[in-house]
Amino acid sequence: MSLKDIVNSICIEVKNRDSKKVDELLYQLCDFENLKILDIYPYQIESNEKFSQVEVFFDKLEIIDFEQKTQDFYSYLKSLEKFKKFFEMIWLGSTEFYAFYDLPDTLYKDEMYYKFYEREWNKIIPKDREELNLIKIDDYSMLISLIKLAVSDHLDLFFIIPEENIVFRGNGLAFILYSEQNLDLFEKIANTEGLYIR
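Start counting the sequence shown at 1; every next residue gets the next number (our numbering).
Note that these hints are calculated values from the structure, not bench results.
Don't take each hint at face value.
As the list claims (entries may be wrong) - In silico BS3-like pairs for lysine-lysine, Cα to Cα no more than 25 Å straight-line:
(1) Lys-127 / Lys-15
(2) Lys-4 / Lys-50
(3) Lys-123 / Lys-84
(4) Lys-115 / Lys-127
(5) Lys-127 / Lys-85
(6) Lys-78 / Lys-60
(7) Lys-36 / Lys-69
(8) Lys-123 / Lys-82
(9) Lys-82 / Lys-36
(10) Lys-127 / Lys-60
(11) Lys-15 / Lys-136
(12) Lys-60 / Lys-136
(13) Lys-109 / Lys-127
(14) Lys-4 / Lys-15
(15) Lys-69 / Lys-4
Produce the entire structure from the sequences given, and follow the hints as far as they go.
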């Protein structure tokens, strides 16, 4: 199957709410290379040494960063805000916007990633905890909770927008785009929010 065929099939199956079929199709996306990436940088940083000095991942932060609101803390929140605004714009313009995610087997509630986003974890964990979660997002606070957990790189998340035939996969401070559609509109929105599609 081509990338276009798989994405089309995913968009059909989310409307049917067939989470097992969606899971199988999303797994097939991993075979594709040379995909577009929604990133905070306009190009790939080749030097790992330089990159490690400026990139602030959630897990790089320590308790003191959260307690004292350090420079690194604000740097991370600034990057998070860019993704929140980008997906907010996409969500507002879409008639149907779905999320698919696997919950971690174990949530370590004493870890900082859980403590800092405890409200978000409680919001996305269904009462009858299922292995696969496929939801239509009509609630803004649910959208934001999912983005926070994906950007912190603690939730494997897919956003699926059927009318645009596009799938986004959350991967820390970057999202992979699966689509063969024209991405001009998405690029404009990304650039407005200080993000880049490359």
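### Task
If any of the earlier hints don't hold here, list their numbers in rising order.
2, 5, 7, 10, 12, 15
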